[in-house]
Amino acid sequence: MNKSQENIKVREPLVRTVKRAERSNLDIIKLRIIAFILALVAGGLFILLIGFNPFELYLTIVSGAFRSKMAIQATVKFMIPLLMASLGITLAFKMKFWNIGAEGQIIMGAVFSSYFALFYSDLPHIVLIIIMFISGFIGGGLWGLIPAYFKSKFNTNETLLTLMLNYIALHVISFLRDGPWKDPGSSGFPKIARFEANAQLDKILGVQFGWIVGLILVVVVFIYMVYTKHGYEISVVGESQATSRYAGMNVKKIILRTMILSGGICGITGVIQSAGSDMTLAASVAGGVGFTAIIVAWLANLNPFGILMVSFLFSVLEKGSSVMQSTYGLSTYSASVLQGIILFFILGCEFFIRYKFVLRHKGGNK
Amino acid sequence: MSNLIETKYAIELKGVSKIFGSVVANDNINLNIKYGEILALLGENGSGKTTLMNMLSGIYYPDAGTISIAGDEVSISSPTDAINYGIGMIHQHFKLVEVLNAMDNIVLGTKEKYLKPKILKDKILNISSKFGLEIEPEKKIYNMSVSEKQTVEILKVLYRGAQILILDEPTAVLTPQETEKLFAILRKMKEQGSAIIIITHKLHEVLSVSDRVAILRKGKLIDTVKTEDSNEKQLTELMVGRPVSLKINRPEVESKKTILNVVDLSVMNEDGSLGLKNINFKLKRGEILGVAGIAGSGQKELCESIAGLIKIKSGAVLCNKENIIGKTPDEIINLGISMSFVPEDRLGMGLVGSMGMVENMMLKSYRKSKGFFIDKKPSRKLAEYLKNKLQIVTPNVDMPVRMMSGGNVQKVLLGREIDSNPNVLITAYPVRGLDINSSYVIYDLLNEQKLKGVAVLFIGEDLDVLLELSDRIMVLCNGEMKGIVDTKETTKEEIGLMMAGKSFKGVEGDE
Numbered sequence: 003m004n005k006s007q008e009n010i011k012v013r014e015p016l017v018r019t020v021k022r023a024e025r026s027n028l029d030i031i032k033l034r035i036i037a038f039i040l041a042l043v044a045g046g047l048f049i050l051l052i053g054f055n056p057f058e059l060y061l062t063i064v065s066g067a068f069r070s071k072m073a074i075q076a077t078v079k080f081m082i083p084l085l086m087a088s089l090g091i092t093l094a095f096k097m098k099f100w101n102i103g104a105e106g107q108i109i110m111g112a113v114f115s116s117y118f119a120l121f122y123s124d125l126p127h128i129v130l131i132i133i134m135f136i137s138g139f140i141g142g143g144l145w146g147l148i149p150a151y152f153k154s155k156f157n158t159n160e161t162l163l164t165l166m167l168n169y170i171a172l173h174v175i176s177f178l179r180d181g182p183w184k185d186p187g188s189s190g191f192p193k194i195a196r197f198e199a200n201a202q203l204d205k206i207l208g209v210q211f212g213w214i215v216g217l218i219l220v221v222v223v224f225i226y227m228v229y230t231k232h233g234y235e236i237s238v239v240g241e242s243q244a245t246s247r248y249a250g251m252n253v254k255k256i257i258l259r260t261m262i263l264s265g266g267i268c269g270i271t272g273v274i275q276s277a278g279s280d281m282t283l284a285a286s287v288a289g290g291v292g293f294t295a296i297i298v299a300w301l302a303n304l305n306p307f308g309i310l311m312v313s314f315l316f317s318v319l320e321k322g323s324s325v326m327q328s329t330y331g332l333s334t335y336s337a338s339v340l341q342g343i344i345l346f347f348i349l350g351c352e353f354f355i356r357y358k359f360v361l362r363h364k365g366g367n368k
Numbered sequence: 383m384s385n386l387i388e389t390k391y392a393i394e395l396k397g398v399s400k401i402f403g404s405v406v407a408n409d410n411i412n413l414n415i416k417y418g419e420i421l422a423l424l425g426e427n428g429s430g431k432t433t434l435m436n437m438l439s440g441i442y443y444p445d446a447g448t449i450s451i452a453g454d455e456v457s458i459s460s461p462t463d464a465i466n467y468g469i470g471m472i473h474q475h476f477k478l479v480e481v482l483n484a485m486d487n488i489v490l491g492t493k494e495k496y497l498k499p500k501i502l503k504d505k506i507l508n509i510s511s512k513f514g515l516e517i518e519p520e521k522k523i524y525n526m527s528v529s530e531k532q533t534v535e536i537l538k539v540l541y542r543g544a545q546i547l548i549l550d551e552p553t554a555v556l557t558p559q560e561t562e563k564l565f566a567i568l569r570k571m572k573e574q575g576s577a578i579i580i581i582t583h584k585l586h587e588v589l590s591v592s593d594r595v596a597i598l599r600k601g602k603l604i605d606t607v608k609t610e611d612s613n614e615k616q617l618t619e620l621m622v623g624r625p626v627s628l629k630i631n632r633p634e635v636e637s638k639k640t641i642l643n644v645v646d647l648s649v650m651n652e653d654g655s656l657g658l659k660n661i662n663f664k665l666k667r668g669e670i671l672g673v674a675g676i677a678g679s680g681q682k683e684l685c686e687s688i689a690g691l692i693k694i695k696s697g698a699v700l701c702n703k704e705n706i707i708g709k710t711p712d713e714i715i716n717l718g719i720s721m722s723f724v725p726e727d728r729l730g731m732g733l734v735g736s737m738g739m740v741e742n743m744m745l746k747s748y749r750k751s752k753g754f755f756i757d758k759k760p761s762r763k764l765a766e767y768l769k770n771k772l773q774i775v776t777p778n779v780d781m782p783v784r785m786m787s788g789g790n791v792q793k794v795l796l797g798r799e800i801d802s803n804p805n806v807l808i809t810a811y812p813v814r815g816l817d818i819n820s821s822y823v824i825y826d827l828l829n830e831q832k833l834k835g836v837a838v839l840f841i842g843e844d845l846d847v848l849l850e851l852s853d854r855i856m857v858l859c860n861g862e863m864k865g866i867v868d869t870k871e872t873t874k875e876e877i878g879l880m881m882a883g884k885s886f887k888g889v890e891g892d893e
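Each protein sequence line maps, in turn, to chains A and B.
Using the numbering used here, read the first sequence as starting at 3 and increasing by one per residue.
Using the numbering used here, read the second sequence as starting at 383 and increasing by one per residue.
Please keep in mind that the hints were generated in silico from the structure rather than gathered at the bench.
Check each hint, because a few of them may be wrong.
[To be verified] Below 20 Å or equal to it, Euclidean Cα-Cα: the simulated EDC-like pairs (lysine to aspartate or glutamate) are:
hint: 1; chain 1: B; residue 1: Lys602; chain 2: B; residue 2: Glu766
hint: 2; chain 1: A; residue 1: Lys231; chain 2: B; residue 2: Asp780
hint: 3; chain 1: A; residue 1: Lys155; chain 2: B; residue 2: Asp653
hint: 4; chain 1: A; residue 1: Lys255; chain 2: B; residue 2: Glu652
hint: 5; chain 1: A; residue 1: Lys231; chain 2: B; residue 2: Asp712
hint: 6; chain 1: A; residue 1: Lys255; chain 2: B; residue 2: Glu713
hint: 7; chain 1: B; residue 1: Lys563; chain 2: B; residue 2: Glu551
hint: 8; chain 1: A; residue 1: Lys231; chain 2: B; residue 2: Asp445
hint: 9; chain 1: A; residue 1: Lys254; chain 2: B; residue 2: Asp712
hint: 10; chain 1: B; residue 1: Lys638; chain 2: B; residue 2: Glu551
hint: 11; chain 1: A; residue 1: Lys155; chain 2: B; residue 2: Asp780
If you're wondering where the values come from, they're calculated on a predicted model, not measured in any experiment.
Please put together the full structure from these sequences, using the hints given.
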C-alpha cells in the first residue's frame with residue numbers, strides 16, 4: 003500500500019467538471035449567443051480553409067434568404083412544415099414520450115388526405131380542403147396512436163416503435179406510387195398524379211396558407227400546454243408517472259390522447275406539404291423534417307414561441323445556403339458542413355449551462 | 383509498526399472546503415482520526431457529512447484545503463485513488479451485483495488475476511474470521527438479507543486492504559439486534575488497528591459505539607468531543623445549535639371508532655413473490671398506528687395498496703364498510719372517504735419537482751373545477767396560506783419545489799394533504815431527511831390531526847420516535863405482520879425481535 007502511495011503524486015487533476023448552481027435565464031441566453039458567435043467563427047475558419055471570404059458567404063446566406071419576394075416566400079415555405087412538426091412533437095416530448103416518428107406521421111397524414119385529393123377532387127373546394135385536413139389529422143394521429151397504445155399496454159420502447167413506423171410509412175407511399183395510385187398518364191413512369199387545382203391549398207400573400215395554420219397552431223399549442231387541464235396533465239405525466247397515478251390521473255388515457263394530438267399535428271403538416279407545396283404525394287413529402295423538428299423543439303426548450311423563432315432561423319440557414327451553393331459553386335456538402343458546425347456549437351453549449359470546468363490552482367489547492 | 387500508528391493520524395483534514403454553486407457544503411473543516419479509533423460524524427441532514435466523506439472516497443474533490451493520510455499529503459481524485467490509499471466507503475445504498483455470489487462481488491473490480499474459487503473462498507473466510515464476520519461466500523446476493531449484504535460490502539473494502547473505513551448511515555436498514563452485531567464487528571476492527579468513521583444521526587448509537595464525536599452544523603465543524611464525556615442532551619444541542627426538548631407529545635383521545643378495516647390483504651410483487659401476506663388490522667379514528675419494520679418489509683406495498691396505487695392479490699380494505707379494493711385512486715378520492723397518502727418518495731410521487739407550490743397544490747384537486755381550462759387562483763391562495771401557516775421557506779410560491787430543502791418539501795406535501803380534511807392519513811417516513819426542528823413540526827401536525835379525529839397510519843424507521851408518537855405499533859417482517867403491540871406495554875427489544883421475524887403470543891392479531 004505504501005508503495006502505491008509514493009507513486010501517486012500530490013497533484014490536483016488538471017481539469018475537472020463541476021456541476022454549477024442553476025443559471026438564470028438571462029445567463030443562459032447570453033451563453034447561447036456566445037455559442038452562436040463562436041459557431042460563426044468556427045464556420046468562418048472552415049470557409050477560409052476552402053478558399054472563400056467568410057463575411058461574403060455569411061452575407062450571401064442572409065441576403066439569399068431575403069433578397070427578393072420570391073426568396074422570402076421560399077424561406078417561409080421551408081419553415082411551414084418544420085414549425086408545425088416541431089409543435090407536434092413538442093406535445094409528446096413534454097410528456098417525455100420520445101416521439102421520433104414525426105416523419106412517418108407526416109407521411110401518413112399526407113397519404114390519408116391524398117386519397118381525397120386524388121379521388122374526390124370534384125367536391126366543392128372548401129369542403130374538400132376541410133375533409134383533407136381532417137383525414138390528414140386522423141392519418142397522423144393513428145400513426146402516433148399505435149406506439150402509444152403499445153407503450154401504455156405493454157410498456158414497449160416508443161423510440162424504437164416510432165422510428166420503425168417511419169419506414170413502414172415511407173414504403174406505403176412507394177407501394178401506392180408503384181401500384182394502385184400510379185398515375186395512368188405518366189406513360190409507365192412510377193409517380194402519383196399531380197393534384198387538381200381544386201385540391202391544392204390556396205395562397206395568401208403568395209405563399210400557401212399553411213403559414214397561417216402554423217402561426218395559429220403556435221398560439222393554440224401554447225395555450226393548450228400552459229392553461230388547460232390537459233396541458234397540466236401532460237406536464238405531470240412527463241415529470242413522473244408515479245405522481246400522476248398518485249394524483250388519480252388516468253395515465254394511459256393521457257398518453258393515448260396526447261399522442262393522437264402529437265401525431266395529428268404532424269399529419270396536418272403532411273397535408274400542407276403535399277397539397278400546398280408539392281402538389282402531389284411524393285416519397286419526399288417529409289424529407290427529414292420530422293428529424294430536424296426534434297432539434298428545433300429541443301433548442302426552443304419546448305416553448306412554442308421559441309419554436310417559431312428557431313424554425314425561422316433554420317429556414318433562413320437552409321434557404322440561404324442553397325443560394326450560397328449556387329452563387330459560389332460550392333458543393334451541397336460544404337453547406338451541410340457549415341450547418342453541422344453551427345448546430346454543434348449551439349447544442350454543445352447546453353453542457354455549459356449545467357457544468358463548468360475548474361482548472362488546477364484556480365480556487366483549488368491552497 | 384505500533385510506534386507509527388501512535389504518532390501518525392490515519393486521516394488529517396486541514397481547512398477543507400467544498401462549494402456547490404452558492405451553497406457552502408463544507409467550510410474550512412479541520413478533522414483528524416487515529417488508527418484504532420471509531421469517530422462518529424454527527425449532524426443533521428444537509429450539514430455536510432456525506433459531502434465531507436465523499437471527498438475522502440474520491441467522489442468529490444475539495445475546493446480548498448488538504449487531506450493527509452498516514453502523515454502524507456495526498457490528492458484523491460477518484461474512487462480508485464481512495465482504494466489505493468486504503469480508504470473504503472460503505473454507502474447507504476448497497477452497490478452489489480444481485481445475480482453474482484458474495485465472492486464474485488468482493489473481487490469485482492480488483493485488478494488482480496482471478497483466483498481459483500477454492501483459494502478465493504479460503505482467502506475471504508480468512509479475512510472474515512479475522513474480523514468476526516459471518517459470511518457464506520457462495521451465496522447469491524439476491525438470496526441475502528440486508529445485514530448479510532452489508533457484510534459483503536464490508537468484506538469488499540477489507541479485501542482491498544482498507545485500513546480506513548467510512549460507513550454512511552449503516553444502521554438505517556438494520557434491526558436493533560443486527561445493529562448490535564455490526565457494532566461488535568466495528569469494535570473488533572478497531573482492535574485490529576483500523577480507523578473507522580461512522581456517519582449517523584441516531585444519538586444512542588453514537589454513544590454506544592464511538593470513541594469521539596465530530597459534530598457538523600451547516601457545513602461547519604462545531605466541535606469534536608470525547609464520547610465518554612458527553613451525553614445525548616449535549617450532543618443534540620451541539621447538533622441543533624440550541625437546547626431542544628426531545629420529548630414527543632402523545633395526547634390521549636377518547637372514543638376511538640374503527641374507520642379502516644384491512645382484511646387478509648396480500649400483494650404480489652412483480653417478481654411473483656408475495657410483498658404482503660394476509661395482513662389484518664383495524665385503524666381507528668383519533669389514533670396514530672405506527673408501522674415498524676426494517677426497510678423493504680412491505681411498508682410501501684401496504685401504503686400503495688390502501689391508496690389504490692397497486693393491484694392486490696386478495697383481501698379487502700373496508701372503509702366505512704365499503705370495499706375500496708379495485709377502485710382507482712381517482713374513484714377513492716371521489717368516494718368522499720377523503721383518504722390522504724403522503725408517500726415516502728416525495729418528489730417522485732407526492733409532488734412534481736419542477737413545478738412550484740401553486741401547481742403542486744392542485745395536483746389532486748384540479749379536476750374539481752369545471753371546464754377545459756385550469757383555475758390557478760384557489761391553489762395560489764392555498765399555497766400562500768400554507769407558506770405562512772407552516773413557515774415554509776421559499777422566495778415565492780412559484781419556485782420549483784425541488785429547489786426547496788427537504789423539510790420544506792415535506793411541509794408542502796403534508797400541508798396539501800391535511801388541507802383536504804382527510805379522515806384517514808397515511809404517511810410514509812414523514813421525517814426522513816428532516817432536521818430535528820422540522821421533525822417536531824411534523825409530529826405536532828400529526829398529533830393535531832389525531833386530536834381532530836383523523837386516523838393516522840405512520841410508517842416510521844426510528845423506533846424511539848415510533849414508540850413515543852404512536853398509540854399502537856404494527857410490526858412487519860418480509861411482508862408478514864408479526865403483531866400489533868400497545869406502545870405503553872412494549873419495549874424496543876421486543877419490537878426489534880419482531881422486526882427480525884419472531885412472533886409473540888398474544889400480540890399476533892388485532893384485538
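Verification of the supplied hints:
| no. | hint | in the structure |
| --- | --- | --- |
| 1 | B:Lys602 x B:Glu766 | violated (33 Å) |
| 2 | A:Lys231 x B:Asp780 | holds (18 Å) |
| 3 | A:Lys155 x B:Asp653 | holds (19 Å) |
| 4 | A:Lys255 x B:Glu652 | violated (23 Å) |
| 5 | A:Lys231 x B:Asp712 | holds (15 Å) |
| 6 | A:Lys255 x B:Glu713 | holds (16 Å) |
| 7 | B:Lys563 x B:Glu551 | holds (15 Å) |
| 8 | A:Lys231 x B:Asp445 | violated (46 Å) |
| 9 | A:Lys254 x B:Asp712 | holds (14 Å) |
| 10 | B:Lys638 x B:Glu551 | violated (38 Å) |
| 11 | A:Lys155 x B:Asp780 | violated (35 Å) |
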